[in-house]
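Visitor: Construct all of the structure, not just a fragment, from the sequences and the given hints.
Keeping their order, the protein sequence lines are chains A and B.
FYI, in this note's numbering the residues of the first sequence are 61 to 314.
FYI, in this note's numbering the residues of the second sequence are 61 to 314.
Possibly wrong hints are sitting among the right ones.
Note: identical chains are not told apart, hence a pair may lie in one copy or across any two.
Below, in silico cross-link-like pairs of lysine to aspartate or glutamate (DMTMM-like), each with a Cα-Cα straight-line distance of 20 angstroms or less [stated by the list, open to error]:
no., residue 1, residue 2
1, K219, E296
2, K145, E204
3, K191, D144
4, K275, E195
5, K236, E154
6, K214, D149
7, K241, E206
8, K214, D144
9, K241, E204
10, K236, E304
11, K219, D272
12, K241, E154
13, K120, D272
14, K191, E131
Source of the hints: derived by calculation from the structure; they are not laboratory data.
There are 2 protein chains.
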Amino acid sequence: MLTTENMSSPSQTDAAFLASYDPTAFERPSVAVDVALLTAFDGALHALLIRRPAPPEHDKHALPGGFVGIEEALDAAARRALRDKAGLDRVFIEQLYTFGAPRRDPRTRVITVAYVGLINAARFTAALDAKPGGEVARLDVPWEGETGGAVRAKSAVGKRLRLAFDHADILGMAVKRLRGKLNYTAVGFQLLPPAFTLRALQEVHETILGHDLNKDSFRRRMLASGALEATGEREEDVGHRPAELYRFVRQSAV
Amino acid sequence: MLTTENMSSPSQTDAAFLASYDPTAFERPSVAVDVALLTAFDGALHALLIRRPAPPEHDKHALPGGFVGIEEALDAAARRALRDKAGLDRVFIEQLYTFGAPRRDPRTRVITVAYVGLINAARFTAALDAKPGGEVARLDVPWEGETGGAVRAKSAVGKRLRLAFDHADILGMAVKRLRGKLNYTAVGFQLLPPAFTLRALQEVHETILGHDLNKDSFRRRMLASGALEATGEREEDVGHRPAELYRFVRQSAV
DNA sequence: TGAATAGTGTCTATAAGACAATATCCC
DNA sequence: GGGATATTGTCTTATAGACACTATTCA
Chain A
61 MLTTENMSSP
71 SQTDAAFLAS
81 YDPTAFERPS
91 VAVDVALLTA
101 FDGALHALLI
111 RRPAPPEHDK
121 HALPGGFVGI
131 EEALDAAARR
141 ALRDKAGLDR
151 VFIEQLYTFG
161 APRRDPRTRV
171 ITVAYVGLIN
181 AARFTAALDA
191 KPGGEVARLD
201 VPWEGETGGA
211 VRAKSAVGKR
221 LRLAFDHADI
231 LGMAVKRLRG
241 KLNYTAVGFQ
251 LLPPAFTLRA
261 LQEVHETILG
271 HDLNKDSFRR
281 RMLASGALEA
291 TGEREEDVGH
301 RPAELYRFVR
311 QSAV
Chain B
61 MLTTENMSSP
71 SQTDAAFLAS
81 YDPTAFERPS
91 VAVDVALLTA
101 FDGALHALLI
111 RRPAPPEHDK
121 HALPGGFVGI
131 EEALDAAARR
141 ALRDKAGLDR
151 VFIEQLYTFG
161 APRRDPRTRV
171 ITVAYVGLIN
181 AARFTAALDA
191 KPGGEVARLD
201 VPWEGETGGA
211 VRAKSAVGKR
221 LRLAFDHADI
231 LGMAVKRLRG
241 KLNYTAVGFQ
251 LLPPAFTLRA
261 LQEVHETILG
271 HDLNKDSFRR
281 RMLASGALEA
291 TGEREEDVGH
301 RPAELYRFVR
311 QSAV
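Guide: This is the structure:
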């Protein structure tokens with residue numbers, strides 16, 4: 061019933077095979093996760109970076125991350141990195157891309173599964189204040205559209221930061237992904253507080269895309285999409301006519 | 061085992077650190093690649109599968125794949141899997157998603173970096189004929205749009221195939237990605253021969269998307285995109301007016 | 001000549017950009 | 001009231017869907 065070209069005896073059961081399997085037969089790479097935690101304010105995207113306290117890449121700035129536990133899911137490892145390195149919980153994350161160039165880490169072969177995390181500016185800055193070690197980096201995206209490529213990171217005082225490993229590429233991929241998603245998903249609200257004005261939403265979109273949007277068209281498109289719901293509340297103390305506050309509606313099945 | 065940073069002195073140089081680094085300190089997962097090699101014909105997407113000749117998942121159908129060499133780039137491992145398992149070279153591939161649920165492989169922790177590969181039907185069937193072992197599976201996508209989820213695979217005679225590991229999810233993700241890309245990229249030509257008619261291109265798009273498209277609009281959109289170039293040739297022996305043959309133009313910088 | 005699909009032209013509906021007019025808040 | 005932005009309405013333009021009509025090949 062079974063062919064003879066099998067590598068092990070075909071009559072062997074799965075259980076028997078497992079008992080004889082040697083998991084140390086091949087040299088294995090290390091697997092890590094890194095999270096590009098992004099937020100938007102002051103007209104630019106910002107990421108949370110941590111200065112490396114030790115070699116390799118000593119003193120350079122790196123994304124929060126860590127090695128994946130042998131029994132740990134990838135998403136769980138990413139959430140743990142955010143919790144341990146930034147004191148943050150319940151953050152929207154999404155797997156981005158896996159970076160595995162053989163020499164990307166000088167220690168040994170390290171393959172990293174990169175994630176994007178999105179959070180609103182208030183939570184971002186509160187986390188920085190509450191837990192020392194993290195730094196905010198303003199991202200300077202030197203390409204348009206979804207071209208892609210590395211991005212530059214600047215400190216609060218405008219100084220260019222040196223990024224560890226290939227983390228400039230990871231951040232670039234995160235921005236590229238975000239720009240792409242904006243065309244067909246309402247992902248911008250992850251960068252805003254629960255209630256927000258249409259202008260605030262438009263500013264987030266403009267910040268992500270790196271160019272201005274037509275106000276009328278943006279407004280119509282957002283309201284027509286059905287993703288927004290008026291709260292009945294209005295913004296206050298703004299020095300001009302206050303705008304309606306909206307919230308995002310959980311998308312129902314189409 | 062869960063901490064990323066080592067406890068060595070921060071003033072230690074990178075070189076000194078590397079000399080003292082112990083790469084076996086943590087238990088490491090195995091890292092593999094799997095390729096969802098897709099083509100389109102007979103109004104359906106098809107994938108190349110290989111019946112597993114041995115445990116685990118003995119006799120179930122799996123994507124071509126393999127473990128990543130300790131010095132091997134991820135893309136290179138994916139190409140090697142296509143070469144070794146299907147005898148195929150120079151195939152368009154793109155990284156898809158990394159699957160790493162702790163128990164997805166019963167042997168040990170295996171994290172797999174999944175790729176999508178696209179190839180035209182002629183090369184696909186030629187490869188199956190030339191190298192035994194591979195089988196063609198017709199994909200049955202039980203969801204619409206970019207909802208996502210697992211897909212079902214059927215053999216040439218219509219029998220449902222049992223897929224190994226989480227490969228039904230990987231194939232589902234591949235279809236979802238392909239559908240998404242179709243909205244903003246000319247990726248369909250990877251599934252067609254070098255010269256093709258507009259109708260053939262439309263059929264590929266319809267096959268990927270799982271629904272019909274408006275002919276007039278599709279035609280206008282494709283010609284206006286600048287991605288197509290008339291060859292001056294026409295199809296032959298078709299029993300009706302022959303259509304112009306087009307080729308894809310390499311996209312120049314926008 | 002007839003079957004069958006390719007390709008063109010035109011009309012209509014919808015979405016985007018532009019812009020003007022009015023509304024509403026804080027100072 | 002003045003400054004500033006929100007919100008509504010209208011006009012114009014670009015694109016998509018629908019459909020009619022002509023063109024071209026093979027049998």
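Visitor: For every hint, state whether the structure bears it out.
Guide: Hints and how they fare:
1. K219 / E296: neither (36 angstroms within a copy, 64 angstroms between copies)
2. K145 / E204: Classified as neither: same-chain Cα gap 31 angstroms, cross-chain 39 angstroms, threshold 20 angstroms.
3. K191 / D144: within (10 angstroms within a copy, 50 angstroms between copies)
4. K275 / E195: neither (33 angstroms within a copy, 53 angstroms between copies)
5. K236 / E154: both (14 angstroms within a copy, 16 angstroms between copies)
6. K214 / D149: Classified as neither: same-chain Cα gap 26 angstroms, cross-chain 43 angstroms, threshold 20 angstroms.
7. K241 / E206: both (10 angstroms within a copy, 13 angstroms between copies)
8. K214 / D144: Classified as neither: same-chain Cα gap 24 angstroms, cross-chain 46 angstroms, threshold 20 angstroms.
9. K241 / E204: both (15 angstroms within a copy, 19 angstroms between copies)
10. K236 / E304: The answer is neither: 31 angstroms in one copy and 36 angstroms across copies each exceed 20 angstroms.
11. K219 / D272: neither (26 angstroms within a copy, 54 angstroms between copies)
12. K241 / E154: both (12 angstroms within a copy, 18 angstroms between copies)
13. K120 / D272: For K120 and D272, the Cα distance exceeds 20 angstroms both inside one copy (33 angstroms) and across copies (52 angstroms).
14. K191 / E131: Cα proximity of K191 and E131: none, with 28 angstroms in one copy and 38 angstroms across.
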